[in-house]
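Generate the whole structure from the sequences, applying the supplied hints.
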Amino acid sequence: MNADWLLQNSPALIIAIPLLAAFLMPVIDKIGRRARNAFAIIILVIEEMLVLFLAYDVFGGNIHIYTMGAANPLTTVPAQAAVPIRIVLEVDAMGIFMAIISATVCLAAGIYSLAFIEEEKGKGKYYTLLLLILVGMLGMELTGDMFNLFVFLEVLSIACAALIAYRSNTGDAVEGAFKFLIISSIAALFVLFAIALLYAQYDLLNMAALAHAITYSNLDKIALVLLVAAFAMKCGSVPMHFWTPDAYSVAPASITAILVAASQASLYALFRVCFSLYNVTLNLATIGGALIIFGLLSMFIGVTMALPQKDIKRLMAYHAISQTGYMLLGVGVGLYLLADPEFSTYGIKAMEGGIFHIINHAMYKGLLFLTSGAIFYRLKTRNLNEMGGLGHSMKWTAIFFIIGALAIAGIPPFNGFASKLLIYEAAYKVSPILSIIAMLVSILTLASFVKVFHSAFMGPKIHDVEEVPRSMLAGMAVLTFVIILFGLFPGWVVGNIVHPAAQALAEQAAYIQAVIGG
Amino acid sequence: MIYSIPFYTVVILILVGLYAMIFKRNLIKMAIGLTIVESAVNLFLVTLGYREGGVAPIYTNLPSGISIPEGMVLPVPQALTLTSIVIGVAILALMLSLSMMIYRHYGTLDSRKVRRLKE
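Here the protein sequences line up with chains D and F, keeping their order.
Going by the numbering used here, the residue at position 118 of the first sequence is 116; the numbering climbs one at a time, nothing skipped.
Going by the numbering used here, the residue at position 33 of the second sequence is 253; the numbering climbs one at a time, nothing skipped.
Bear in mind the hints are in silico, worked out from the structure with no lab data behind them.
None of the values given here were measured: they were computed from a predicted structure.
Be a bit skeptical, because a hint or two may be false.
To be verified - Okay, derived cross-link-like pairs now, BS3-like style, lysine-lysine, Cα gap no bigger than 30 Å in a straight line:
#1 K333/F - K378/D
#2 K123/D - K427/D
#3 K333/F - K119/D
#4 K333/F - K308/D
#5 K28/D - K119/D
#6 K249/F - K123/D
So this is what it looks like as structure tokens:
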């Protein structure tokens, strides 16, 4: 097995390995606890390495195409039917960028879970579903086929819903899962309907081929509305945000961290549809304006709803909505400015900000959810009023929490600052008010995390608890490492990782040519 | 005109399903609403796949007088429908089992009473 072979087949392997491993898990689980844990971690590490390996090549400027069952996406049987009907995996910089997020968050959550769910039942099924979530996310991010996107979206929804209800001995976990399932399945049916509308006109499912053929007819507009609505619903943007706090707060903390990445997979699908599928045919300023409005509403409503919360995870979930707003704002401003050739460099800057914020958010919000899980692990409560003085005994958790809180508030040495600054700068070109609102939201975010820190970690020692087990600390440390790394070298990250991803989204022609021209 | 009837049916079914999901309070009825929407979308896919006078895509040697791709039905919509049905069954099963658990915890399936999360 040489490196070239591995590189060529890695898109398929990245999806196939966890899929097979997921269904092997119940068998391995029979062997014993150690075998199960080791197997899960080994698979997650292999995934991370494969994704990074592929990423190294993709960020070098190549778009990888993997056609299922043929050498070339255009090969068909019979040969006269010149329609690319095969399932194609198309990996460009944006796709692999999202795959890095998914794999990293899943790895951290997997390590964290080792101790975190030790006392629960059904651990074999837990890891099976965790790997299936990973499959769903990676599938959505790497695929180049509309229907395949739908299938992986559903795999993701089913696995997520089942894991949200993991603590099914409490009623609220099941309630949150039911809500999540209803929302996701309706969204997925919208997506399927939109796909059918596109197929009806062009007889195509391949994204690149569709993008090539698309004419922006009335049916296309309806399909676009359905797709945008469905993915915005899944990524938890206001006004379709109501499932987020419910589902995020009841899921086990490790799963909540993954749910953040799962929402971002939907966000990715939204961007993919807007940029790669419709791009040139779109009225850029209108869609950009719509995304800006979605973004502003999410930012502001999310943070104001977060301030009065007493449940620590519910509070963080509202912040997740607010942070999703930043990404929508960044990319919306990007779309808006790209419409005007004079400002297109600022458009790219804005998109870089929005996309950089996606990875930053996944890291620090994942970390914050994991710390809230650590508190829950020791105190068995999510209510802020019942906490206090944890800083005395849970020093590492407190440090991780501070790092996460400072990063989310956009304080300079951490990664949140870098992406927020890019968004402020570019949004200023559209209207100074946008930047002012964005900064205001940042301040409110800081305020609410100061509140959480004070009520959870400060004060006299009232709970006699110990620090959480080492595997949970290790899981948090993985994310902290990335946060600090990105915070210290934002220039390198933007130049080598984020810029190619933004460029890949903005340049639709390269995406199409990779399939049609190749 | 007659060929448009399936499309009207699709629209009506989707509206009925959405109505059930939004206005019905019983969790089982919401699941039924979801299934109706799903059937409507499946019907839409199958309708798209119909081609008048087309032959089934099972011939390796085509009957004379049939050209590709005009005379042959592309089997993609049928494949999509099958996949979507399978996914639908999984979703429905999960949804019903969740409603079962909700009934165990709350003693009711009325969505107005299942709101422990809203305090």
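So, going through the hints one by one against the coordinates:
1. K333/F - K378/D: Holds - the C-alpha atoms of K378/D and K333/F are around 25 Å apart, at most 30 Å.
2. K123/D - K427/D: 50 Å, violated
3. K333/F - K119/D: Given that 30 Å is the threshold and the Cα spacing comes to 28 Å, the pair holds.
4. K333/F - K308/D: 22 Å, holds
5. K28/D - K119/D: 14 Å, holds
6. K249/F - K123/D: 29 Å, holds
Checked against the numbered hints listed earlier, the structure breaks hint 2 alone; every other hint is satisfied.
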